[in-house]
Amino acid sequence: MREPLLRIEGLRTVFRIPGGEFAAVDGVDLEVPRGRTLGVVGESGCGKSVLSLSVMRLVPPPGRVAAGHVWLEGRDLLALPMEQMRQVRGSRVAMIFQEPMTSLNPVHSVGAQIVEAMRAHDPGASAAALKERAIEALRRVRIPAPERRFEEYPHQLSGGMRQRVMIAMALACSPRLLIADEPTTALDVTVQAQILDLLRELQAETGMSIILITHDLGVVAEMADEVAVMYAGRVVERAAARALFEDPQHPYTLGLLGSVPRLDEERERLLAIEGVVPPPFALPKGCRFHPRCPFAIEACRMAPPALEEIAPGHLAACIRAPVEQSVAA
Amino acid sequence: MAAAGTKEDDRTAMLRHALHRLLLAIPVLFGVLLIGFLLMQVVPTDAAVVRAGPTATPDVIEAIRRDLGLDRPLYVQFGLYLWRLAHGDLGVSIINNVPVTQELAATIGPTLELMAASLIWAIPLGILLGTVAAYYRGSVADRLIMAFSVAGVSVPVFFVGLVLIWFVGFKWQLLPFTGRGGPLWTADGLRAIILPALTLGGVFVGPVARMTRTSVLDVLSADHVRTARAKGLSERLVVLHHALRNALIPVVTLVGLQIGFLLGGAVVTETVFSWPGVGRLAVGAILSSDLPMAQGAIIVLSLGFIVVNLLVDVLYAGLDPRVRAA
Ligand SMILES: Nc1ncnc2c1ncn2[C@@H]1O[C@H](COP(=O)(O)OP(=O)(O)OP(=O)(O)O)[C@@H](O)[C@H]1O
Ligand SMILES: [Mg+2]
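For the protein sequence lines, the chains are A and B, in the order given.
Those letters in the first sequence? Residues 1 to 329, by the numbering used here.
Those letters in the second sequence? Residues 1 to 326, by the numbering used here.
Isolated chain A (complex conformation) (with noise of 0.2 Å):
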């Protein structure tokens, strides 16, 4: 198999809090191939953010990461020196957020936004070098009448069009990768799917990779190629997207999978996920999913079980995986 585009390995990020330190994202592996998308799902507070903000190193304080390397390209994005780190920022690996409204500057026009962002990686060129740069991000991104929007300021926009102007400014530079954290949660259906779409053209125009964290196994069954699922800040499967949905291997993932509403057949329930996610700071022994897994047996309590092959490609941390077997029996 080709060198994956960004792998990481023992991502551990903690909270400083008062009285000592939780661990947010603790010991976290994944791999993202070239040219693909990784879904990473799980409810919310499992960590899919502060996961996301670490390979960008952008944890706010009090949180900090406290060990792990992010390979991106041959360098640990995690040892690089600071003015380094902010060169691969926006022109190797970019970011979108949740909420369009608040993630653009409300006092600078969408214009100077773009042109700000590719300034940073490219000083030498001229203002109308760049603006015209800049009316081509927007264009690429499907906004009409580019030209205006350039002027315009974000109060003037729709969430959508917001959007559409983040993913222009994160892709002014060309990045390899594209880390977008619940890009259409805060949009309505229609405009929601009209930025997948978005992501998935461009995408395919530009070799990049995605990293596409949600809460909507929906948007990773249409978008994903490989995905994680996050359960209190560890991944508990991971496996190729079609692996996953058809043979889901830990309780966990069968629960999530469980509450998504299924049109092409009358499958029983097989179970539904009971209690809520632990807070980090108050985890439970052993497998951090066991106070609320049906298949839970006393070894469950005792140590936390490793991600592990359990067939070609596909992971799970489950020492009953794979659970269909453990039921029948």
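FYI, nobody ran anything at the bench for these hints, they're computed from the structure.
Note that beta-carbon positions come from the ideal geometry of N, C-alpha and C, so glycine has one too.
Please note that the accuracy of each hint is not assured.
To give an idea of the chain B side of the interface with chain A (calculated C-beta under 7 Å), a few residues [unchecked claim]:
1) H224
2) T227
3) A230
4) K231
5) G232
6) H242
7) N246
8) P321
9) V323
Restraint-style ranges between C-beta atoms, simulated for each label pair [stated by the list, open to error]:
10) R143(B) <-> A303(A): 45 to 51 Å
11) A147(B) <-> E222(A): 53 to 59 Å
12) R143(B) <-> A125(A): 39 to 45 Å
13) H87(B) <-> A129(A): 58 to 64 Å
14) L58(A) <-> R16(B): 37 to 43 Å
15) A204(A) <-> R16(B): 42 to 48 Å
16) A151(B) <-> A127(A): 16 to 22 Å
17) H20(B) <-> E21(A): 50 to 56 Å
18) A129(A) <-> V153(B): 47 to 53 Å
19) A128(A) <-> D223(B): 27 to 33 Å
A short list of chain B residues far from chain A (calculated; beta carbon distances all over 12 Å) [claimed, not checked]:
20) H20
21) L33
22) D67
23) G88
24) M146
25) S234
26) V312
Assemble chain B with the ligands onto chain A, guided by the hints.
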């Protein structure tokens, strides 16, 4: 901001906003003049007697009374008062018979000079200190700056002035501390304005620093600042262009709210340093019951208040495109 980011529409919106604010200022101005006028009605001084002078006969006084319209109903008198005001006639001083407008014209310059000399260093310094404190939140620098600004807020203006006079002016004889030394482009003029400007500006540094700190802290954790970092901007650009630039919007509003404080401070500073400005004129006129003069000075100070507020409003719109659109 890239110059390319502004456009014709935006400039028109800005102009419209300024005109709107100007219109809104008219009723305020009217109110100020009305109060100034009523002030003259409630005091038991007969303007006709005063203007006629001590040797005038009753006939002359009566003629002047008719001339000034003092025998007419109050609202007509108010109209006449406005009419005279429009022609630059604010009456004459009871004390020395000098026209009030002449006296005001001579004192406005020094007052503006003093305010400008105070704000020109105090506001930038306050903004700088506040930004540093916010960026290095919790550090020693932050704590020192905050301690200094709390102290600055609680020390009265006259105390700062007296301390400066005592040490710098009197004991060490470094700088003059009474009156204006001449035009600002002369060495004497510059030397003379230093202590008053330090005094009046000094009380402003603390509040501006504190407001800036709060505001910058707020903006630093905003989503769009994270976006700015995510696109690879340098910390300098992130702080100046995204954090501080946005943080200035509330700071301008808050500074605007302190204008009354600035005018009050100017009155005290001018008095302490015998600075020949409108503030000292007002205090002198009030102490010697020179009502026309006091009225004129108060009108000018209130006008100053209105004009500065207007400027703040326009500046506010200049900083925030959402205000222009509204
Ligand atoms: N700035 C912060 N300070 C303290 N704790 C934080 C901070 N940001 C995140 N956390 C904690 O880290 C954990 C993971 O949060 P994260 O935002 O990554 O979740 P998420 O999976 O993105 O959830 P959502 O779907 O709601 O976006 C949470 O328990 C959260 O409380
Ligand atoms: Mg999130």
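Going through the hints against the structure:
1. The restraint placing H224(B) at the interface with chain A holds, with a minimum CB-CB distance near 4 Å, inside the 7 Å limit.
2. Given the 7 Å rule on beta carbons, the hint for T227(B) holds: about 5 Å separates it from the nearest Cβ of chain A.
3. Checking A230(B) against chain A by beta carbon gives a least distance of about 5 Å; that is within 7 Å, so the hint holds.
4. The interface hint given for K231(B) is met, as the beta carbon of that residue sits about 4 Å from the closest beta carbon of chain A, less than 7 Å.
5. Look at G232(B): its Cβ gets to within about 3 Å of chain A, closer than 7 Å, so that hint holds up.
6. Look at H242(B): its Cβ gets to within about 6 Å of chain A, closer than 7 Å, so that hint holds up.
7. Nearest Cβ of chain A to the Cβ of N246(B): about 6 Å, under the 7 Å cut. The hint holds.
8. A cut of 7 Å between beta carbons decides the hint on P321(B): the least distance to chain A is about 4 Å, and the hint holds.
9. Annotation: V323(B) was flagged as interfacial toward chain A, and the flag is violated, the nearest CB pair being 10 Å apart, outside 7 Å.
10. Checked against the hint of 45 to 51 Å, the pair R143(B) and A303(A) passes, with Cβ atoms roughly 46 Å apart.
11. A hinted range of 53 to 59 Å for the beta carbons of A147(B) and E222(A) is consistent with their spacing of about 57 Å.
12. Between R143(B) and A125(A), the C-beta spacing of about 43 Å keeps the proposed range 39 to 45 Å intact.
13. A hinted range of 58 to 64 Å holds for the C-beta pair H87(B) and A129(A), which are about 59 Å apart.
14. Checked against the given bound of 37 to 43 Å, the beta carbons of L58(A) and R16(B), roughly 40 Å apart, stay inside it.
15. Remark: the range hint 42 to 48 Å for A204(A) to R16(B) is upheld by a beta-carbon distance near 46 Å.
16. Distance hint for A151(B) and A127(A): a CB-CB separation of about 46 Å, inconsistent with the stated range 16 to 22 Å.
17. Between H20(B) and E21(A) the beta carbon distance is about 53 Å. The supplied range of 50 to 56 Å therefore holds.
18. Distance hint check for A129(A) and V153(B): the Cβ-Cβ separation is about 50 Å, which falls inside the suggested range of 47 to 53 Å.
19. Distance hint check for A128(A) and D223(B): the Cβ-Cβ separation is about 30 Å, which falls inside the suggested range of 27 to 33 Å.
20. Every Cβ of chain A is farther than 12 Å from the Cβ of H20(B); the closest lies at roughly 19 Å, confirming the non-interface assignment.
21. With a cut of 12 Å on Cβ distances, L33(B) stays outside the contact zone with chain A, its closest approach being about 37 Å.
22. Look at D67(B): its CB is around 57 Å from the nearest CB on chain A, clear of 12 Å, so calling it non-interface holds up.
23. Every beta carbon of chain A lies more than 12 Å from that of G88(B), the smallest distance being close to 42 Å; the non-interface claim holds.
24. With a closest Cβ-Cβ approach of about 19 Å to chain A, M146(B) is found to remain outside the 12 Å limit, as its non-interface label requires.
25. Consistency note on S234(B): stated as away from chain A, yet its beta-carbon is not over 12 Å from all of that chain's, at 6 Å minimum.
26. With a least CB separation of 17 Å from chain A, V312(B) remains clear of the 12 Å interface cut-off, as annotated.
Figure legend: structure checked against the earlier numbered hints; hints not met, in rising order: 9, 16 and 25.
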